[in-house]
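K.L.:
Residue strings, one per chain:
2 protein chains.
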Amino acid sequence: MRTYLECVACFLRQALDASRMATDDPAIHERVLRATLQLAADMPFDRPPPWMGQQIHRLLREATGNPDPYRKIKQDSNDLALSLYPDLHKRVNSSLNPLATAVSLAIAGNVIDFGCLTNLTQDEIRQAMEDALHTSLDTTAVEKLRRRAAAARDILYLADNAGEIVFDRLLIEQLPCARMTLVVRGAPVINDATRTDAEVAGLSALVPVIDNGSDAPGTILESCSASFQARFAQSDLVIAKGQGNYETLSGDHSHTIFLFMAKCPVAAADAGCRVGERVIVHDRPHCSR
Amino acid sequence: MRTYLECVACFLRQALDASRMATDDPAIHERVLRATLQLAADMPFDRPPPWMGQQIHRLLREATGNPDPYRKIKQDSNDLALSLYPDLHKRVNSSLNPLATAVSLAIAGNVIDFGCLTNLTQDEIRQAMEDALHTSLDTTAVEKLRRRAAAARDILYLADNAGEIVFDRLLIEQLPCARMTLVVRGAPVINDATRTDAEVAGLSALVPVIDNGSDAPGTILESCSASFQARFAQSDLVIAKGQGNYETLSGDHSHTIFLFMAKCPVAAADAGCRVGERVIVHDRPHCSR
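Heads up: the sequence lines are chains A and B, in that order.
Anchor point for the first sequence: position 247 equals 247 in my numbering, and the numbering is continuous, going up by one each time.
Anchor point for the second sequence: position 108 equals 108 in my numbering, and the numbering is continuous, going up by one each time.
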């Protein structure tokens with residue numbers, strides 16, 4: 001997905017929100033904001049929005065000297081998700097269609113996105129999970145996911161955020177784990193999941209975990225390591241979680257299923273759905289509810 | 001009022017909204033947006049937000065070759081306001097406190113601000129005027145305005161927007177017209193009132209009308225003509241209508257009464273009131289309801 005002109009004002013809001021979250025120093029807030037303006041003035045709009053997210057959060061880490069400003073937020077999200085996990089695990093397994101319930105919960109977990117939703121509360125996360133148990137997704141799209149996963153020899157599951165990755169476990173447990181590899185970011189960026197979060201979520205014991213070698217809040221292939229690029233090319237099914245992975249991979253890759261919650265009007269319009277909607281997109285950017 | 005870091009994302013939104021209102025050409029939208037980013041990267045944040053508004057709308061007029069992109073919007077606002085004027089005029093004169101009613105209506109007219117509220121509808125304007133008839137302002141602040149106007153020898157009334165200027169007439173009729181001069185912008189910018197609008201509103205027959213020689217959406221004194229600057233310095237009371245005049249004159253001038261509707265969180269916080277609130281500020285930026 002390209003960067004739309006509407007994204008630009010949102011980049012500035014994100015740069016300011018992130019700076020304020022990371023430090024109380026107003027000189028750093030201003031420095032990061034001005035540097036973001038300068039970058040945006042010349043940015044190639046054919047790049048996806050997470051390209052700018054990557055630049056902003058590099059600036060922020062450099063300006064604050066803090067390599068992981070969202071560490072506490074990630075821990076809190078993991079703790080909350082782990083406290084909800086046992087009950088949700090039971091509810092998945094006792095439901096009429098465990099895969100559909102797990103998909104619904106995993107996508108609802110994508111609400112934990114501190115790039116888009118700076119002021120997200122723990123109550124809102126709990127509510128999103130509860131809502132996911134009571135509203136169903138398009139069963140055709142879920143069944144297509146089931147068939148594609150059953151037929152695939154080599155599945156990559158691209159995780160998105162900390163906390164959310166615990167809810168991904170509910171879905172991964174319903175899929176053919178023996179043929180699946182979990183992929184996390186190569187370095188901290190916003191609240192995106194890294195190896196630590198996969199470990200904390202209990203996923204390292206379930207599937208092999210690799211990282212993509214990149215600090216982009218999405219999957220920008222040219223920013224990823226050569227080994228991940230090779231792994232991506234050889235897999236025959238990619239399950240890409242989250243809006244950042246949709247924004248960076250949609251349109252280009254025919255072996256990808258996108259699972260995400262649309263959190264801004266631009267991504268929602270691109271995917272043909274409404275803001276707040278949980279979507280399953282098979283390969284192409286269209287909305288399959 | 002200085003430019004706050006929050007204003008920057010809003011500048012970008014305004015640049016994009018204004019470009020799209022002025023032309024369907026996406027190349028112009030992108031050109032104006034990039035130029036705004038470049039300007040904002042280096043802007044002095046001790047300048048008020050309308051300083052950037054002035055730059056953005058110069059860029060827009062230059063890029064489109066249209067010296068007055070809001071002409072139709074201004075005409076429509078004037079037409080609507082003139083259609084409401086006769087009834088409102090009667091309601092002012094039959095009210096228990098005609099000055100208070102006129103102040104309330106004049107401030108409500110400040111909703112007609114296409115810089116802040118791009119998608120404002122005629123129904124919303126009608127509703128704002130109706131609301132103003134049923135909710136009262138702080139009577140102490142109104143009585144202080146009455147006393148100060150009665151005591152002043154030379155009153156400048158700084159108009160803000162087209163359409164709104166018709167509602168200003170309701171207030172001007174309640175004030176000592178013989179000692180008052182109406183001031184409009186020196187050139188078109190957004191939907192701000194110029195000499196044409198004062199004429200259409202029927203104000204030219206009531207009070208002398210001058211322009212400030214500037215194309216800023218506010219009153220940036222150093223951008224105004226020398227003759228206006230002299231006139232401003234010699235007056236002993238300035239009644240400044242609208243958020244743009246508040247943003248450019250507040251804090252610096254002890255002989256000014258600000259009447260406006262707070263339309264963004266930044267201006268509302270600066271004035272100590274809520275978004276959507278109609279405020280009277282005597283001289284200093286504090287909220288006197």
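I should point out that these hints are in silico values taken from the structure, not numbers from a laboratory.
You may find that some hints are simply not true.
Derived SDA-like pairs (lysine to any residue); straight-line CA-CA distance at most 20 Å [as the list claims (entries may be wrong)]:
# : chain 1 : residue 1 : chain 2 : residue 2
1 : B       : Lys72     : B       : Asp87
2 : A       : Lys263    : B       : Arg13
3 : A       : Lys90     : A       : Leu80
4 : B       : Lys263    : A       : Lys90
5 : A       : Lys90     : A       : Glu173
6 : A       : Lys263    : A       : Asp42
K.L.:
Next step is simple, just say for each hint if it's right about the structure.
P.N.:
These are the hints, each one checked on the structure:
With a C-alpha separation of about 24 Å, the suggested pair Lys72 (chain B) and Asp87 (chain B) falls outside the 20 Å cut-off, and the hint is violated. Our distance criterion of 20 Å between C-alpha atoms is met by Lys263 (chain A) and Arg13 (chain B), whose separation comes to about 18 Å. At roughly 17 Å between alpha-carbon atoms, Lys90 (chain A) and Leu80 (chain A) fall within 20 Å of each other, so this suggested pair holds. At roughly 49 Å between alpha-carbon atoms, Lys263 (chain B) and Lys90 (chain A) are farther apart than 20 Å, so this suggested pair is violated.
Of the supplied pair hints, the one linking Lys90 (chain A) and Glu173 (chain A) holds, its CA atoms being roughly 12 Å apart against a limit of 20 Å. In summary, the hint linking Lys263 (chain A) to Asp42 (chain A) is not supported, as the alpha carbons are separated by about 26 Å, beyond the 20 Å threshold.
Violated hints for the displayed structure, listed by number in ascending order: 1, 4, 6.
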